[in-house]
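Residue numbers (the working numbering), protein chains in the order written: chain A, 1 to 593; chain B, 1 to 277.
Treat the hints with care, since some could be wrong.
Stated by the list, open to error - List time: in silico EDC-like cross-link candidates among lysine to aspartate or glutamate, alpha-carbon distance up to 16 angstroms:
no. : chain 1 : residue 1 : chain 2 : residue 2
1   : A       : K467      : A       : E438
2   : A       : K141      : A       : D123
3   : B       : K217      : B       : D229
4   : A       : K262      : B       : D267
5   : A       : K467      : A       : E450
6   : A       : K262      : B       : E183
7   : A       : K467      : A       : D349
8   : B       : K217      : B       : E272
9   : A       : K262      : B       : D242
10  : B       : K217      : B       : D242
11  : A       : K262      : B       : E272
Calculated from the structure, these hints are not laboratory results.
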Amino acid sequence: MAAVRGGPFQIRIQYRKAAMAEASSVSVAFVGSGGAGALTTGRLLLEAACAAGWHGLLTRSVGPQIRGGEAAALLRIAVDPVECHGDRFDLLVGVDWLNSHRFETEIALGPDSVVVSDPQGGDPPAIVAASGARVIELRLKELTTANPAWRPNMIAVGAAAQLLRLDQAVLADLIDRRFQDKGPAIVAANLAAAHAGAAAVAHHDLGFGLARPRAAGTRRWLITGNEAVGLGAIRGGIRFAAAYPITPASEVLEWLAPQLAKVGGSLVQAEDELASINMIIGGSYGGTPSLTATSGPGLSLMIEALGLATAAEVPIVVVNVMRGGPSTGIPTKSEQADLNIAVYGVHGDAPHIVVAPQSIPDCLLTTQWAVHLAESLQVPAILLSDQFLGQALAAIARPADVSFIGQRQRATAIVAPYRRYALTADGVSPMAVPGVAEGQYTAESLSHTERGLPSTSASDHQAQLDKRRDKLERFAFGDLWATIEGQGALAVITWGSLTGAAREAVAQLARAGRRVRLIAPRLLSPARPVEMAAALEGVSRLLVVEQSHGAQFYRYLRAHYSLPADTAVLHRPGPLPIRPGEICREFLREQFS
Amino acid sequence: MSATLAPACRPANYRSAVKPIWCPGCGDYHVLMAFTRAFAELGVRPEQVAVVSGIGCSSRIPAYTNCYGFHGVHGRSLAVAAGLKIVRPDLMVVVASGDGDGYSIGGNHFLHACRRNVDLTYVVMDNRIYGMTKGQPSPTTEPDFDTALVPGGTGMRPFHPLVIALASGANFVARAFSGNPAETAGIIVEAVRHPGFSFVEVLSPCVTYRPDQRAWKDRVHRAPVDATDDAARAARRVMTDDGFNLGVLYRGNRPPYAPPTGKAITDLAELEREFEI
């Protein structure tokens, strides 16, 4: 077996700008206790950068408490769209340091980093001193004591905008709009606080050197992965959703609820995930493309009904926004460890679709595609997003429109007896929906005949198992099955949200003169052995990159595909992200194993 | 209910050719008869009716009708039916269940279906036993009933479905006996016509594992008083009766569930405006 590596890494890859060159991105982290406003601060700064024409990415790392826990806003402002964080943060702003030790390992710093700290705000986490980062003072406590209406996060956002040389007038305008409904006194206090923050650090010239923005005037969106999933669902034709609240998937549902109503659909909050999935199976049986969204614990509860939808051939889409597992795990943080349950969780032989989006814009595309696949194949489709993608807010170029609309083969003019599960050349049988005369049949969870009548016969069982396998295997999935970029004998293979980090690593390696191929399957089930063999053609060294403790993706690849003898795995559980520099370092070794 | 009328409404039109798997003498045969009679009386076309069920002897009923059917997994029939009715309010949706499927594994959905009040008719065939798995105690089994799985009895207080339904907000509550299919059909007709969530508990003997239930035909009797629209009164009545009062107990007037509607848009591009920078 190839070497399996894990554990925290010391990052040595040079990623920041050379001393004189301009930086293509700058990374900023705000930390504070829950309720201190770190996330609001991050959003304001991202919006200010976007207004000036930069792109950016804002992710969050929070504890489970609504108030009094810990929260970090992780922001990367960039000239071009970015899909992951860099290897270290250039600027870390502590609104306060309470509980900051809980995620200090998620915020990598280096000797060039700058930390903004209140001498009265508690001790910065140990990583600050260990990194050798420069610390500059911002006396938040002192300022808020003198001016009780000022909030520390507003002072911090002004300071950060000043240090990054963002336009203070733009920031002021954003603060004005954001707090307008709270009244003029609050707006005035927040503006004064931000101004004071800027003034307090005005004498520092840190020279982050971010290159000038160039996206002003282009069509851009500020959108989260969860919102993009919702939009993709409606564009794909979803008109009914039923769901139970769960972190980090609730935003998909909260976005969909009013939007579905606008397009003549609806969303129901169910009593649990068992009800959610069975409700959408009912909705889809009635002819309406239907979806639910959940996270690991909810997916576990839905597994039995996924088998029902597979056996009864009822199309549904299940969005699973992955979080740390097993059990309740880490609800607020990302992991890629639901691959096994998504692909193999259903009892019996139950072929179904599993797809994974690779970026925030790809959440839109892949969800729309999932609706198309589910409806075309009359099968459940699981979409594996994760907390990183789902709750990240990004400024992106407006994604190109795609034409996928969920359309199932309907039986309309029927001559009795109707064979709902008729064996056809492509394995897909035209589906009657209630109301169509002569189409009456019973959607059946038992093994059944072509007419849908319960059967325990070996031949009926075999015939329907074959049918349900064949309809997936014979389908033309097209180029969307995977992202394949570049050529050469070296390749990195990954999936889902780590595709962005892998792509950035490949770009860094290209600058260092190493050609590395990127392979990222968007379609995880059914496996595509012929296409994967072509993708791996000529690859002699392969690095598997994934965020799971058990190397689930590596084992999945081994189960379905032939991999080169020199294959290694870079894997670790959430919530620590795998950064581009770590991937690069693996390729700078003489050999993997 | 806006379903089109069937031209010739005979009960036989609603019966499929599939032979039931039930034991000879099972009460569920008569429930099937009550279904087809009720559908004929309602005059709805078979393709406009959906019969949704879970798992168990009672849940085999959809395939025995000539309607659209859904035979899902254990305990989830109410969820499937709610989803169907919400997207297809034009259909008549009848849910069939049993005391194990409906009150044990599906108990939570029962509570919330009553609360949600989707316009469904929920018929539970109660024989106080798991028949299909060969005689284990269900939530309505008497506490001292001896079985192989729980020797000496469960010692647990039986579940009271009618009181639970009333307390949870069901809009129509009735009890019927499978041995009186004409009367049961009449109650189902009323239940379908009543808006919102209608619950009909049908005492349906299991002659194989509960031969003692053959005596039910002598114990049942028509309720001495008329239905009420006062849930508290109805609950008090049903908690103090002998468990064999038949008839409509409660007719409520809560408006049925209607999905929220929003400001209609014609162009999906409007949905992306909120994201534009």
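Status of each hint after checking the structure:
1. A/K467 to A/E438: violated, 23 angstroms
2. A/K141 to A/D123: holds, 14 angstroms
3. B/K217 to B/D229: violated, 28 angstroms
4. A/K262 to B/D267: Holds - the C-alpha atoms of B/D267 and A/K262 are around 10 angstroms apart, at most 16 angstroms.
5. A/K467 to A/E450: Holds, at about 10 angstroms.
6. A/K262 to B/E183: Violated. A/K262 to B/E183 sits at ~45 angstroms, over the 16 angstroms cutoff.
7. A/K467 to A/D349: holds, 12 angstroms
8. B/K217 to B/E272: The given pair, whose Cα atoms are some 64 angstroms apart, is violated under the 16 angstroms limit.
9. A/K262 to B/D242: violated, 51 angstroms
10. B/K217 to B/D242: holds, 14 angstroms
11. A/K262 to B/E272: Within the cut-off at roughly 13 angstroms; holds.
Hint check: violations occur at hints 1, 3, 6, 8 and 9; the rest are consistent with the structure.
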